[in-house]
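A.B. asks: Sequence order for the protein chains is A and B. Read left to right, the first sequence gives residues 439 to 759 (the working numbering). Read left to right, the second sequence gives residues 2 to 500 (the working numbering).
No wet-lab data here; the hints were simulated from the structure. Every value quoted in this text rests on a predicted model; they were computed, and no experiment measured them. Think of the CB as a built atom: it goes at the ideal place given N, C-alpha and C, for glycine as much as any other residue. Take these hints with a grain of salt, some might be off.
[As the list claims (entries may be wrong)] Over the 10 Å line for every Cβ pair with chain A, so calculated as not near, a few chain B residues:
1. 343
2. 345
3. 398
4. 410
[To be verified] 27 Å max Cα-Cα, derived DSS-like pairs, lysine-lysine:
5. 21/B / 387/B
6. 643/A / 203/B
7. 21/B / 51/B
8. 203/B / 119/B
9. 203/B / 446/A
10. 205/B / 643/A
11. 387/B / 433/B
12. 270/B / 205/B
13. 270/B / 21/B
14. 340/B / 387/B
15. 742/A / 446/A
16. 643/A / 433/B
Here is how the chains run, residue by residue.
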Amino acid sequence: MSRLRKLKSVLGLAGIILVAILASPQASDGSNIFLQAGNLTDVLRQMSVIGIIALAMTYVILTAGIDLSVGSILAFATCVTGMIVTRPAAPGGRFTQAALAVGIAMAASALLGAANGAVISVFRIQPFIVTLASMIGVRGLAKWLTRNENIDIGFGSDAAASFANFVNQKAVVVGTFAALAVIFWIILDRTVFGRYVRAIGDNEKAGRYSGLPIRSVKIAVYTLSGLLTGIAGVIYAAENHQGNPNAGIAYELDAIAAVVIGGTSLMGGSGSIAGTIVGTLIIGVLTNILRLRNVDSNVEMMVKAVIIVLAVAIQKNEKAE
Amino acid sequence: MSCEPLILLEGVNKRYDGAKALADASFSVAEGEVHALIGENGAGKSTLSKIIAGAVIPDSASVRWRGEPVRIESPIAAQHLGIGIVFQELDLFPNLSIAENIVIGNVRMERRQWVNRKELGAFCQTYLEQAGLSESPWTRVRDLPIAHMQLVAIARALSFEARLILMDEPTSSLPDDAVERLFALIRRLRAGGVSIVYVSHKMKEIFEIADRITVLRDGATIGTRTASETNIDEIIAMMVGRELAAEYGAPADAYRETILSAQNITTRKLRNVSFELHRGEILGVAGLVGAGRSELGAALFGLDRIVSGSFRLEGSEIRPHSPSAAIGLGIGLLPEDRKLQGLMMQMSVLENSTMAVLGRLQRWGFLSRRKEAGLSAPVHRGMSLKAASNGAPVSSLSGGNQQKVLLAKWLLTDPRVLFLDDPTRGIDIGAKRDIYRIVRELAGQGKGILFVSSELPELLQCCHRILVMRDGHNMGIVDARAATQEQIMTLATSEVTAA
Chain A
439 MSRLRKLKSV
449 LGLAGIILVA
459 ILASPQASDG
469 SNIFLQAGNL
479 TDVLRQMSVI
489 GIIALAMTYV
499 ILTAGIDLSV
509 GSILAFATCV
519 TGMIVTRPAA
529 PGGRFTQAAL
539 AVGIAMAASA
549 LLGAANGAVI
559 SVFRIQPFIV
569 TLASMIGVRG
579 LAKWLTRNEN
589 IDIGFGSDAA
599 ASFANFVNQK
609 AVVVGTFAAL
619 AVIFWIILDR
629 TVFGRYVRAI
639 GDNEKAGRYS
649 GLPIRSVKIA
659 VYTLSGLLTG
669 IAGVIYAAEN
679 HQGNPNAGIA
689 YELDAIAAVV
699 IGGTSLMGGS
709 GSIAGTIVGT
719 LIIGVLTNIL
729 RLRNVDSNVE
739 MMVKAVIIVL
749 AVAIQKNEKA
759 E
Chain B
2 MSCEPLILLE
12 GVNKRYDGAK
22 ALADASFSVA
32 EGEVHALIGE
42 NGAGKSTLSK
52 IIAGAVIPDS
62 ASVRWRGEPV
72 RIESPIAAQH
82 LGIGIVFQEL
92 DLFPNLSIAE
102 NIVIGNVRME
112 RRQWVNRKEL
122 GAFCQTYLEQ
132 AGLSESPWTR
142 VRDLPIAHMQ
152 LVAIARALSF
162 EARLILMDEP
172 TSSLPDDAVE
182 RLFALIRRLR
192 AGGVSIVYVS
202 HKMKEIFEIA
212 DRITVLRDGA
222 TIGTRTASET
232 NIDEIIAMMV
242 GRELAAEYGA
252 PADAYRETIL
262 SAQNITTRKL
272 RNVSFELHRG
282 EILGVAGLVG
292 AGRSELGAAL
302 FGLDRIVSGS
312 FRLEGSEIRP
322 HSPSAAIGLG
332 IGLLPEDRKL
342 QGLMMQMSVL
352 ENSTMAVLGR
362 LQRWGFLSRR
372 KEAGLSAPVH
382 RGMSLKAASN
392 GAPVSSLSGG
402 NQQKVLLAKW
412 LLTDPRVLFL
422 DDPTRGIDIG
432 AKRDIYRIVR
442 ELAGQGKGIL
452 FVSSELPELL
462 QCCHRILVMR
472 DGHNMGIVDA
482 RAATQEQIMT
492 LATSEVTAA
């Protein structure tokens, strides 16, 4: 795994884990709380939503783009999921209803992503501006759909609640993230599409001179970003037992942070899914240990800020050598 | 003219990435003269003028300003001495007003923290009048016609009382009447004792405006002549008079059948260009910068819209509207600027060379690494590509090897027609030789090659025929075996007659 060794962020992750072990409070039986299986899987579950978004964000950033609309699309997806699963029993039973909710939430989110990509590549407007606009617009759409209200999925034994209980299992959440991570890793590393993603971010002009399908690659990348955000939205809705039009505020920034900490360059062309997974884990472990130590959540934000800058600075220095 | 030159540069050396741009060049300008600096593309004109402007630091040089030894280490230092610059790519801030453009970077005005609008306007007005610009100083520069932008740059130079103004290709984007007005301004400045360094390759203009002419070639100063005592032929001979490297031998005979024909191609930059390219033929494309050589490639490769006229490839008319369409038709284009238009610098040698053929190396969208390596290996070997490994980033390669990677990319597409835009620019002699050999082999396989170069000996040596361009026109096609550099240079600098 020479590729992993090249990832300077792995060192950072090892460091953070070490700090977490040392700083972790002790349980009553003297064991290390951070290292308890329950806690470690909690870390994985807590970072899965951001992690899933960050996977597709990696592709977007590799093409030298950015997607600021993911937080709003996530909220939209939670609302769509909530609205469908809470409908009075649909024909075809619970399973069909749940499948419809997931399917429609994913498809609609992917469509929003595709719209981002189409506007960016056809009108050649900067991704920052296009996705900033849809960040505002889609948030409005989610609020309008729900008339500004949360859609409670509830905790009973009806179709909606049992859907949420199923999706909300640790194994399902973490398993989804893991499966998507593997798929996105393979696509980037092994397919023509993955090669195009990196090539376009590295030098779009040279890509044009090489006859690459720049427009369709860009549309695809933003569509994937919408799709994965939709999946994250379904999970979010299940975890919180509600569709929430105010969900996911500032998630785009957390996802971008994970990607950047993982060593992907905002200039495009260089980066990896492995890096993004490591970046997500760094944020996850950090958040976890700060919470175990009952650190004020405002202090938590300040610490995160320092870590982001530090992580990127370290990688930059090593590159210069 | 006083006997003490205003500026005297001697022993100027400058290398870029190991390639020499200037080798022991010298140059001097007297007070109140217009001194033309001329040379072929790559002769070192731009480097020398940037050194005078403080924009490029020479590796070694002795510079005297009015007899005093000085070092020009930055554009600010140049400005302090009294050197103003009007660059080829106008370095103005398009969104700022004329007045702001004039005072920006002006040491005299920037010392103050607060700018009084009225005072600023009055300050600029003087220089705008001198430069012959009638617009309000508060007009935004991007709203001006390009000729007036140049006048703003001149006014800026005047505003810090420049004694020497460098003009790099000042007329390249000007209409004729603006050129006349510019010349009138230059004469007024000269009468006021200002010296002008006029960098250009337009012979007619140089003889019209210059007092003296200095010719550069291959980074060295060939000589300085008084304009009234020389003529165009002597200057051209000085520009091109280099020994031919005759070691490559003439190319094999081309086939008779036409592979590509252009009929009256007109685009944004081309005017009724027609030619025929035969199978197995290397057709050189000569001309100075801006003559439309690259634009010919852009039209063929679907980058520029063809307004009228048509290309025929093996007899059937083609209308490539994008590079990918052109590639599909069997056309390849090695671009002029390999870093900007050719290479993905962070990607590997292998990834770069297979960039245009990934479609053939996949199944269900998955790349076959084995096929990829297998397909490219013989091509890389064939061009003696030197890289640490296939996985090495292309940025770690020398310029010559980078160019080979790009050439490999096009060879893998197996094109019918290949447009090579200055493929040997800035690469070492060994790599050049390899590229000549590869081009020869490609022609031998029956492909049609268009070979753009700024080096005439190279064209005369490598090509069957040479198409000479000027201002988007085909000025004539000469037989490479019979033609001389002087003949080509005369065509490339002669006036376009209305056809």
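A.B. asks: Against this structure, judge whether each hint is valid.
C.D. replies: Here's how the hints hold up against the structure:
no.	hint	in the structure
1	343	violated, 5 Å
2	345	violated, 4 Å
3	398	holds, 15 Å
4	410	violated, 7 Å
5	21/B / 387/B	holds, 22 Å
6	643/A / 203/B	violated, 31 Å
7	21/B / 51/B	holds, 15 Å
8	203/B / 119/B	violated, 41 Å
9	203/B / 446/A	violated, 55 Å
10	205/B / 643/A	violated, 37 Å
11	387/B / 433/B	holds, 14 Å
12	270/B / 205/B	holds, 22 Å
13	270/B / 21/B	violated, 32 Å
14	340/B / 387/B	holds, 18 Å
15	742/A / 446/A	holds, 18 Å
16	643/A / 433/B	holds, 25 Å
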